[in-house]
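Q: All chains should be modelled from the sequences, with the hints used to inform the complete structure.
Here's the letter readout for the chains.
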Amino acid sequence: MKVLMAALVLVFGGALMGIAEPASDPLGPPAFTGEMAEMLVNGKVALDTIWVLLAAFLVFFMNLGFAMVESGLCRAKNTVNILAKNFIVFSIASLAFWAIGWGLMFGDGNAVMGLNGVLFASGADNSPAIGESYAGVYSAMNWTSVPFWAKFLFQLAFAGTAATIVSGAVAERIKFHSFIVFSFVIVALMYPVTGHWIWGGGWLQKLGMWDFAGSTVVHSVGGWAALAGVILLGPRLGKYRKDGSVRPIFGHNMSMTALGVLVLWFGWFGFNPGSTMAANFNDISRIAVTTNMAAAAASLSATVAAWLLLKKPDLSMILNGSLAGLVAITAPCAYVTVAGSVVIGLVAGVLVVLAVPMFDRLRIDDPVGALSVHLVNGVFGTLAVGLFASDAIMPGTTGNGLFYGGGLSLLGKQALGVASVGLFTFAIAFAVWSIIRATMGLRVSRDEEVGGLDVGEHGMEAYPDFQGFLTK
Amino acid sequence: MKVLMAALVLVFGGALMGIAEPASDPLGPPAFTGEMAEMLVNGKVALDTIWVLLAAFLVFFMNLGFAMVESGLCRAKNTVNILAKNFIVFSIASLAFWAIGWGLMFGDGNAVMGLNGVLFASGADNSPAIGESYAGVYSAMNWTSVPFWAKFLFQLAFAGTAATIVSGAVAERIKFHSFIVFSFVIVALMYPVTGHWIWGGGWLQKLGMWDFAGSTVVHSVGGWAALAGVILLGPRLGKYRKDGSVRPIFGHNMSMTALGVLVLWFGWFGFNPGSTMAANFNDISRIAVTTNMAAAAASLSATVAAWLLLKKPDLSMILNGSLAGLVAITAPCAYVTVAGSVVIGLVAGVLVVLAVPMFDRLRIDDPVGALSVHLVNGVFGTLAVGLFASDAIMPGTTGNGLFYGGGLSLLGKQALGVASVGLFTFAIAFAVWSIIRATMGLRVSRDEEVGGLDVGEHGMEAYPDFQGFLTK
Amino acid sequence: MKVLMAALVLVFGGALMGIAEPASDPLGPPAFTGEMAEMLVNGKVALDTIWVLLAAFLVFFMNLGFAMVESGLCRAKNTVNILAKNFIVFSIASLAFWAIGWGLMFGDGNAVMGLNGVLFASGADNSPAIGESYAGVYSAMNWTSVPFWAKFLFQLAFAGTAATIVSGAVAERIKFHSFIVFSFVIVALMYPVTGHWIWGGGWLQKLGMWDFAGSTVVHSVGGWAALAGVILLGPRLGKYRKDGSVRPIFGHNMSMTALGVLVLWFGWFGFNPGSTMAANFNDISRIAVTTNMAAAAASLSATVAAWLLLKKPDLSMILNGSLAGLVAITAPCAYVTVAGSVVIGLVAGVLVVLAVPMFDRLRIDDPVGALSVHLVNGVFGTLAVGLFASDAIMPGTTGNGLFYGGGLSLLGKQALGVASVGLFTFAIAFAVWSIIRATMGLRVSRDEEVGGLDVGEHGMEAYPDFQGFLTK
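Same order as they appear, the protein sequences are chains A, B and C. For the first sequence, my numbering gives the first residue as 1, with consecutive numbering after it. For the second sequence, my numbering gives the first residue as 1001, with consecutive numbering after it. For the third sequence, my numbering gives the first residue as 2001, with consecutive numbering after it.
Calculated directly from the structure, the hints in this document are not laboratory data. Hints may be right or wrong, so weigh each one.
[What the hints assert, rightly or not] Quick look at which bits of chain C chain A covers, simulated, 3 or more residues with Cβ under 8 Å:
no. : stretch
1   : 2150 to 2164
2   : 2193 to 2200
3   : 2289 to 2296
4   : 2438 to 2452
[Claimed, not checked] Computed beta-carbon distance windows for the label pairs:
no. : chain 1 : residue 1 : chain 2 : residue 2 : range
5   : C       : ARG2363   : B       : ALA1427   : 56 to 64 Å
6   : B       : ALA1438   : C       : ALA2339   : 31 to 39 Å
7   : A       : LYS206    : C       : PHE2120   : 32 to 40 Å
8   : B       : ALA1427   : C       : TRP2143   : 54 to 62 Å
9   : B       : ILE1435   : A       : LEU237    : 54 to 62 Å
10  : A       : ARG446    : C       : PHE2120   : 55 to 63 Å
11  : B       : GLY1412   : A       : ARG446    : 46 to 54 Å
[What the hints assert, rightly or not] Pairs of lysine to aspartate or glutamate, EDC-like flavour, derived with a Cα cap of 16 Å:
no. : chain 1 : residue 1 : chain 2 : residue 2
12  : A       : LYS239    : A       : GLU449
13  : C       : LYS2242   : C       : ASP2360
14  : B       : LYS1312   : A       : GLU448
15  : C       : LYS2239   : C       : ASP2360
16  : A       : LYS312    : C       : ASP2360
17  : C       : LYS2312   : B       : GLU1132
Bear in mind that the values here come from a model prediction, so they are computed numbers and not experimental data. Built from N, CA and C at the ideal position, the CB exists for glycine as well.
A: Laid out in structure tokens, this is it:
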């Protein structure tokens, strides 16, 4: 790494900043000329770039996973609406994160938000120069030697994920245009601010809170924003009976749901290992394995838990179990052993099976289990860093968690991060949802909800050759 | 680049061509020996190769996108037929492009077509040697330092795409074996010729027409060929009523359609950034972003346009809007700013919403909107190079377009390319479709069309557990 | 390669094994210092690692392909059960291969199995050091310069594939928990042992049997294990009539099946080219093309064969034809010419069309054609190495096969491999299935089979909005 830094200074620093110091270069000019350094550095930058781009493509692909999971777990009559929401939310996210979100999150600023280069991602930036060679206004991202637009695309895909999480929880009763407005607000204003705290050089990052790939930054933020919306929307018609019992409302297509979960699992290999934002071969290999093992373990523990509690191996629990493991390992994936990842996964799978009925007891109606997956396990995963982190895995980062002799210090910081991000996001989201409700309304009419949002909002059915039976 | 060229000459040139000139090598022998050059060059070639191969895999994956979009937008009774067509067309394309298409497109020849190494891609070729070190008969591809078979696979995936575009437009009434024959002709003979003009060293390339990833080479060629077929086939039964009104025929599965569009969007990250055919880190990062932003912007503008014109946020318009943006950005993706890509996308999304009813007014029945997406926006995207290209983005290529002070010169060349490729492809396709119609017939019987091509052509249903209701 | 070995010795050997010999290094110290070597070697390792990881992700993604193919080809009433099996089998595989399978397969041991570092993949290992620099207990994998966990993930994805193959053949009548038990046994104990014989330094590898990406190691092993299960389970109710005729039982969703096949084809670009486990640019490019051409050729020959034999272009044959080509090219993909791969594919496509009715005549009921695809073509592909291998393609490996003047020697070794692996796997699988049948039972009750395993085993339907019609 020292060699690379020297080479980067030679290649980029010399041209761009005048800070190259060839005299003190440990390599010496004869063996390591500028031209050779250029080839070596260009190779390193190209390698990191294709890794980051391919990871970004995989994270983008998670949009398909969310679309299929969410529509599959809802009723056929609301499918068009859910799919439309998924497209719109990523499209809005793309423009909003470009227009303002990126800059608020990664622009140089204060402890709370970015203040430089906020608009249209157009601040000064000499990426892929790194470290001291970096000259620009997005210093928080100056540790990765990839071009600016590679950084942007990867982070954009993450921002889109946070907004998409909301979509499932509010499904089957939210007005289409109200959801569009909220999507813009979360990507443009909310997600970037808490993201700045943890990844953009803000106060939590300085404090020493660690969230490698976003159990908090992405998943619990989406979860808190969804929770506020769900509370204000109220449950779907008929979900909770007057006698206090819960009426299960089955999703219309478990094949699509299973497809979606496997796409998400696949995409998570971009989400977590890609968050190195560099082709660090040891880290990305290990992170890919911890990610996979947590998902597998959670899938199994959710199966067993469902079999014990619900008396059957419920497929929706198996599927949400896998996702729970993936969310939970997202923060700690880089800092824990493979055995640690298995334990985290086992816990996550049980948590999701307990959380689903808990939300139902609270009359919080979440059609797809988004809160149980992303909020509950986003919180657990962030705390798991404080429990399972091992200093030996990635020295110089987290230090040891509680179970590795590190005491409560790290766990405390993680908990502070969870609480502060949760409080901020829930409060702002509650306010924004409330304003939307007061102005344009949140919920479709009773008739539209019964007849389905597909016909009501979009004037079409998802499966007319089959649904035709229902209406004719 | 100069260093790389020197290194490539050292490694490949020395062994293969005897043109290495170490004495005049700017690097000098002591600091840059042949063995070190070998490691550096092998690294560069390997890096470019994995980028090109992974991009080719993503473009291949677009076959899934097309299959799902096309069958989802048609009726359940024709699903088996559409899926079978999608498999056959790529399989035919694989063999036909190997047998003759590659050579016609990239073989050294005249301004119109390749003449050397035409059969079975078996001409002399010392790839990954590049530039002056290249010795072989496929000189038009000697700028990318990847092995021959990587070039072949990437281009094969593109050829398959052009043929697949036809499939959707002629769906729900074409005879299966007639479609197979046309697929062979387009991949073996038509696509390679116009491809030679623009990418194979032909007259349009020499003239200075630019089509980075194939808005014209791939998409409008598929569109023109489809248009000829649609005209000769005529509209589906019942599509246009005698009173002049249009009867909407809904697709049977919008979930599949949405899945297909997201797969295509994902695959386009191979299609456009992969067309660098090298891991040029700045270019591939920027192109990935322009590609994404155009798709997102088009998705939104199509939503708004559909809401205004059709009074509802029509999901098929949202989906085709995304595709329209992707097609439109394909030619200009490398030459425009991110802001430019957003504008191109916004226009594309509106174009597709206007084009769909326009084709219906002309009684041109295109079940999936392939003409509106691939033909209209293929043309627009190619012209957009002449409007939005900025010389500062990729110096030494397009120069400035009209909106960047470049005047009408570039736009004129782009228009000439659009017109000549369109005229050639439409004329040949019309002749080929006509011959097929005269000899083996184009259209299934009226009874078969009413009963569905699945039973008629393939003796099976796509969803027997559900369609059984229809027939019993 | 010699240079790389020297560099690897310098970087890893020096630090880890003290076997560096700079004095005899052909590069000489002044031109190739340790620090430069470090950058070069790290680049090489990083390049290989991202290739192997991305290939592993693609192979993981094949789980989606199997899930969709298997459930699409079965009836709607068993969909939840098949999807649940697919999730569980990969989750079980992940834990079992980590706990014991990896070590049994790749641990240093005797000709039959690994004996060192068996438990929890925790033996000594200094990967990515290679060759003589390697120090550890997994020597059979010391030829690839990637980190340990990259090796593990790639191989884990393969192990999961073998187990998943079984799932389809035993579908629609097996007890859920019985299948789980068998899945554990095959991944933990059976697959690793025969894998050790061929890839782990065992007796077949030493003998000179070649199976590049696993026609035998993965596909026929899955096929033999499935065959034993199918025989013990017996056919589905109603499949074979008392008059001796066969009642076709159609799959419920050909769109899902087609989707699954395209996902598998896509994933195979990781399976075969990724089996280089290094970014060897010439090999991976050529292998990607042979893989694709075999699939395309098989798709076409299966279409023609089905048209001739069944009098219609049967979509399930087209789809299984593609898969047959992919399975058949898996062993020989690296050793044959592109023309050879086309011939192998053509044969494979015909074989699958012949095999499906053959199994039916034998009253062996395989709902998804897994035996025809994976067993028959796994055997054929392994033998094809002995027929089509050309020494010129990858010198120093297989030598020439029969058709290239190599005589019967190679073919004999391949046949011995096929027979011994088949005998071992079938025998053990038969024993294990028998024990499961005797203790916990294999087959669901007649009532449950008629009503569907979804309600019987899982208490839910896959498509309640549509299936509701069936039951209400």
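Q: Each of the hints needs a verdict: does it hold here or not?
A: Checked hints:
For a cut-off of 8 Å, the count of residues in the stretch 2150 to 2164 of chain C with a CB near a CB of chain A stands at 4, and the three-residue condition holds. For the stretch 2193 to 2200 of chain C, the assignment as covered by chain A is violated, since 0 residues bring a beta-carbon within under 8 Å of that chain's beta-carbons and 3 are needed. A count of 0 residues in the stretch 2289 to 2296 of chain C with a Cβ less than 8 Å from any Cβ of chain A is obtained; the coverage claim is therefore unmet, three being the minimum. Only residues whose beta carbon comes within less than 8 Å of a beta carbon in chain A count, and the stretch 2438 to 2452 of chain C has 0; fewer than three means the coverage is violated.
Roughly 57 Å separates the CB atoms of C:ARG2363 and B:ALA1427, a value that falls within the hinted 56 to 64 Å. The supplied range of 31 to 39 Å is met by B:ALA1438 and C:ALA2339, whose beta-carbon atoms lie about 35 Å from each other. A:LYS206 and C:PHE2120 have their C-beta atoms about 38 Å apart, which keeps the hinted 32 to 40 Å range intact. For B:ALA1427 and C:TRP2143, the hinted distance range of 54 to 62 Å is satisfied, since their beta carbons lie about 56 Å from each other.
Taken as a hint, the range 54 to 62 Å holds for the pair B:ILE1435 and A:LEU237, whose Cβ atoms sit roughly 60 Å apart. At about 57 Å, the CB distance of A:ARG446 to C:PHE2120 agrees with the hint of 55 to 63 Å. In this structure, B:GLY1412 and A:ARG446 break the distance hint of 46 to 54 Å, their C-beta atoms being roughly 60 Å apart. Pair hint A:LYS239 plus A:GLU449 holds up; C-alpha atoms about 12 Å apart against a cutoff of 16 Å.
Between C:LYS2242 and C:ASP2360, the direct Cα distance comes to roughly 14 Å. Compliance with the 16 Å bound is thereby established for this hinted pair. Taking the CA atoms of B:LYS1312 and A:GLU448, the gap is near 15 Å; set against the 16 Å cutoff, the hint holds. Simply put, C:LYS2239 and C:ASP2360 have alpha-carbon atoms about 9 Å apart, close enough for the 16 Å limit, and the pair holds. As the CA atoms of A:LYS312 and C:ASP2360 are separated by approximately 34 Å, the hinted pair breaks the 16 Å bound.
Between the alpha carbons of C:LYS2312 and B:GLU1132 the distance comes to roughly 53 Å, so the proposed pair goes past 16 Å and is violated.
Violation of the numbered hints given earlier is confined to hints 2, 3, 4, 11, 16 and 17; the remaining hints are satisfied by the structure.
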